[in-house]
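Asks: Since the structure of chain A is already known, use the hints to place chain B on it.
Residue numbers (the numbering used here), protein chains in the order written: chain A, 680 to 1023; chain B, 680 to 1023.
Cβ-to-Cβ under 10 Å is the rule here; a few derived chain B residues that face chain A:
| id | residue |
| --- | --- |
| 1 | A721 |
| 2 | E723 |
| 3 | I726 |
| 4 | M729 |
| 5 | M782 |
| 6 | T801 |
| 7 | A802 |
| 8 | S831 |
| 9 | E832 |
| 10 | S833 |
| 11 | R835 |
Simulated restraints, written as ranges between beta carbons of each label pair:
| id | chain 1 | residue 1 | chain 2 | residue 2 | range |
| --- | --- | --- | --- | --- | --- |
| 12 | A | A1014 | B | D852 | 52 to 60 Å |
| 13 | A | A856 | B | K739 | 37 to 45 Å |
| 14 | A | G849 | B | A720 | 24 to 32 Å |
| 15 | B | G790 | A | A949 | 40 to 48 Å |
| 16 | A | R958 | B | G790 | 40 to 48 Å |
| 17 | B | R791 | A | R958 | 32 to 40 Å |
| 18 | A | A949 | B | A728 | 32 to 40 Å |
| 19 | B | D735 | A | M703 | 50 to 58 Å |
| 20 | A | V1022 | B | P959 | 54 to 62 Å |
| 21 | B | P759 | A | A988 | 37 to 45 Å |
| 22 | B | R791 | A | G849 | 25 to 33 Å |
| 23 | B | A720 | A | T854 | 22 to 30 Å |
Derived by calculation from the structure, the hints in this document are not laboratory data. All values reported here derive from a predicted model rather than from experimental measurement. Here a beta-carbon is modelled for each residue, glycine too, at the ideal position from N, C-alpha and C.
Protein chains: 2
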Amino acid sequence: MTRTPSAVISPTGTPHPFGGVFAMLAPHMAALDQFLLGQLAAFEPEIRAMVNYCIDTSGKRIRPALVFLSGWRDADEVSPELVRAAVVVELVHLATLVHDDIMDSAEVRRGRRTAVREFAPTAAVLLGDALFAHALHLATQFPTTEVCAAVSESTRRVCAGEIVQSLRRGSTDLTPADYRRIIDLKTAELFRVSCYLGGRLAGSEDGYVGALDRFGRHLGIAYQIYDDLADFFGREEKIGKTLGTDLASGKFTLPLFALMDRLAPSEREALSGEIGGLRPSQPALRRMQMLDLGVFDAVEAAVQGEVSAARAVLSEWPGHLPTRHLLALSDVLLAQVAALRPVG
Amino acid sequence: MTRTPSAVISPTGTPHPFGGVFAMLAPHMAALDQFLLGQLAAFEPEIRAMVNYCIDTSGKRIRPALVFLSGWRDADEVSPELVRAAVVVELVHLATLVHDDIMDSAEVRRGRRTAVREFAPTAAVLLGDALFAHALHLATQFPTTEVCAAVSESTRRVCAGEIVQSLRRGSTDLTPADYRRIIDLKTAELFRVSCYLGGRLAGSEDGYVGALDRFGRHLGIAYQIYDDLADFFGREEKIGKTLGTDLASGKFTLPLFALMDRLAPSEREALSGEIGGLRPSQPALRRMQMLDLGVFDAVEAAVQGEVSAARAVLSEWPGHLPTRHLLALSDVLLAQVAALRPVG
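Only chain A is shown next, with the shape it has when bound in the complex:
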């Protein structure tokens, strides 16, 4: 099922960086984009241009893909309920990106200036709030409170994860369990709820919805570990955001854990100093060490382990339509991690 990314054209006409199963989602993503653009009118005229800037169409749309694939019934059907749920999770994600970029003082996101650089941090804080409020408002347009309840709880957990990460910034006394807890909250939670909502809205039985939920959580953890590796080994023009910010901003991620473990005790203090902001960061040196000391391999293995756990959950439900497509999506993630490895 896995194709090379360049072989696949996304709904917006450019190759989707994740390729693969995204190709069959073209009509769904077109409906998503149309729905998203249609929401502009719901915002006050004074802030529409700012909202429009955030609702661009160049994101990877992974969370919407999880909603669509988890609720998959028929290739010809683009369910309006799934489109609305996909818009809700994507808007929540966009809102958290706006606020994350404030925290990270990030310059570039999706190949252009971040909202915080474009509009100043004060406006960006409230722009994120407005996006989030509108997401929750759309979530109330389902017949029951279930979608809104699930999404608002997830959002609180995403924020809690980001807060914990921000409080521990620059600190190297984090344990691997702390790291896992942070990425479970800040990333896996929204992956999880995307799969959960897809399954629920498609009317799947409770057992399968539970499996989708657990699949999404494992995939989200795998994705964040991939993303943390990409911060060191990605190519900026491909990833579309400023890279190398984790070390520079003191985020102690899995690649840095693994490197710290493998450095001689005498060399650890220098790395701690870089993470703690006491010394200038040396990303080129750290990348080289990561390759030489087997850090890349170890982190790739961690992604593979989480993807295996995700796949194992769904393997008990081979006859259900979403299963095959979600397994294909997890293949794409594995291919993306492998593609980060420098050539030669």
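Replies: Structure of chain B alone, referenced to chain A:
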């Protein structure tokens, strides 16, 4: 019905700054505080201390009061539905305060360090998000999506108002209509929805709910004009927040509009420079001019005008129980404005 503020003791044991009808809400406010504190357990352990810092019990609780009074049926009854709705609007309000204080770089709120000073801006951004997400989650615990829909839409409007204000900061080419639009969105909206929810949850007929809604909106505009006057004429120990920030931070509020109108053309440039941050602000001089040139009177008259409009809406419904109490609340606001006038 209006009593002097000092004659009334709030549920937390200190005189409520607004006194009056708040006295009869003591059991309601106690239930509100208990419910609010009970929510701490719903937050991730790592952020509970921060949430607790925000959920203090020393706020004025005006929006909860509007929920309780608009849904008033019987003094002996503390309706759990009204308590939950009051908690929802208060949490949304607390979340916006956390974000506003980031934008204003405010040091003091409710007599102590703001969350942004206590926890750093990055954590405060996400703390506000978590409070807001939890408010919306509580709003999903009603039988239908109506409360969540109303509150999420209101929140988006509040954010839009704050964004517009922030984009126009330092500018004196605002019109009075722009100012009214900003305060309608950023303040009156949450007053309005508080009254609306109280009426709806109490099962009032649509006509009366509409009247409560319009009353809340006028009262919210009146309250914000009062608050803008208090920024110049309040006493810090009584208001509990840093005063004089509007001029220093370039917010062109009604007192400054009215002053600009009354200054000789030759003097206007200096005031524009203070608002635009080109000259140091001269709050003592501006206060003196506001008194001498009738600005205080004009702004007080504007508050009275909005309160009159609010009262007129309810006067068509004299037999309904909330009417009397809400009129008493509007009396309290008038007394508060009058009390801002310097003695002698």
